[in-house]
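Chemist: Could you put the whole structure together from the sequences, leaning on the hints where they help?
The listed protein sequences correspond, in order, to chains A and B.
This note's numbering numbers the first residue of the first sequence as 7 and each following residue consecutively.
This note's numbering numbers the first residue of the second sequence as 1048 and each following residue consecutively.
Bear in mind the hints are in silico, worked out from the structure with no lab data behind them.
Heads up, some of the hints might be wrong.
Examples of chain A residues lying across from chain B (beta carbon under 10 angstroms, computed) [claimed, not checked]:
#	residue
1	Gln89
2	Phe112
3	Ala169
4	Ala173
All C-beta atoms in this analysis are idealised placements derived from N, C-alpha and C, irrespective of residue type, glycine included.
One-letter residues, chain by chain:
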Amino acid sequence: MQLDYASPPRGQKLERIRAFLAKLSLDWDHTIEHTVCLLEDDHIVATGSLRQNVLLCIGVDPSLQGEGLTATIVTELVKLAVQSGKTHLFLFTKPENEKIFTSLGFYPVAGTSDVLLLENKKDGIRQFVQSLRQPRVDGVIASAVVNCNPFTNGHLYLLEKAASECALLHVFVLSEDRSAFPASVRLQLVKENTAHIPNIIVHPTADYLISSATFPDYFHKEKGLSSEINCKLDLTIFATHFARPMGITRRYVGTEPNCAVTAAYNRQMKSFLPTMGIEVVEIPRYELGGQPVSASKVRALLKEGRLDEIKPLVPPATFAYLERMTPID
Amino acid sequence: MELKKVGVSGTLESSDVMITLEPGNGGIEIELSSTVEKQFGNAIRREILATLESMGVNNARVTAVDKGALDCVIRARVKTAVCRAAEVEYNWGGDGQ
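Modeler: Right, here's the structure in full:
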């Protein structure tokens, strides 16, 4: 048996992997970056793939299951991930395969009826949530999950309004480093721009909310939707691992006029979270001159170097950062 | 010896152990998952600790996924991971260890 690598597979090779996965009722994922196959006489007998820090599309020929081929595939994928500096790893599988992967050093995070997410850190998510500052308060504890790419007056409006309606507002900033602005900058700007609101606490999310692992479609908006988005897993993690232990009973969200993926996510949130005892409150988008203020608008203006037009759309801390980072030539 | 980056060695195959080493936050921290945890968990932890100590590593986060590796395998995998994480060549010339 020999190992074959592709980053990512294309053409005929991709077609063969797709066909192999289809026999195991697994769908290829167009966001995959690396794939490893085990070949015997030029036929695929096992395969697995990597997207960022997520292992997925792992399958073994039914006639060879139980011979440890999964271990070979997972070993290669873990080494690939570590080589690119990623040590906190996630893995997707079908719920019935849980035992195979727990014996390879992975621990369950959350699951739905058709997918199970595991991570390579024992109690990783529980320890992470426990480490978040969460003072005791009387009254409603609410939350908002934001990317703030970058932080605009729209975000400021949403968070000020949300904070005025509850005792404590936990704000989670996506930690995935795949946005135009790095995670550390986005987190810092949310902290600076909300420092004047006493009942807000700003947290990172360490890949546990809206990440490559929990909701990959979010990062591929530009590619359009090939299928119905699947954010049930992301919402399950929010409800069980964040909301329940932290006492969160409300989630705030801005209305989404432009982005189809975010709009679909909001719809699923409104139908699913209330079944978990979490109220969803939608706040109308902040508008300026009849136009919704959005981070994508700011990014577009930035690309064209139109800093003057950005000024009315963002708070001072964001503007100061944008001025610093804009190259002067 | 000081760890500079992540180092990984070994495999998840039967009778092997996969060691991932990262620079720590002061001290040695071991997260072990083993198919023989109940019988040999503490012996495996001792072996990893002793090997790190013998190489002068005192600040590391260790993730060990053990599939029933023998002591000599554990030692070899830890040494290799240390060298990769510390970016040094190891002299396998044989000091009897």
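Chemist: Can you verify the interface hint for Ala169 of chain A: is its Cβ closer than 10 angstroms to any Cβ in chain B?
Modeler: violated, 33 angstroms
Chemist: Taking the least C-beta to C-beta distance, is Gln89 of chain A closer than 10 angstroms to chain B?
Modeler: Holds, because the Cβ-Cβ distance from Gln89 of chain A to chain B comes to roughly 8 angstroms (cut-off 10 angstroms).
Chemist: Was the hint right that Ala173 of chain A lines chain B, CB cutoff 10 angstroms?
Modeler: violated, 34 angstroms
Chemist: Against chain B, is Phe112 of chain A within 10 angstroms by beta-carbon distance?
Modeler: OK, holds: Phe112 of chain A within 10 angstroms of chain B, min 9 angstroms.
Going down the numbered hints, you'll see the structure goes against 3 and 4, while the others check out.
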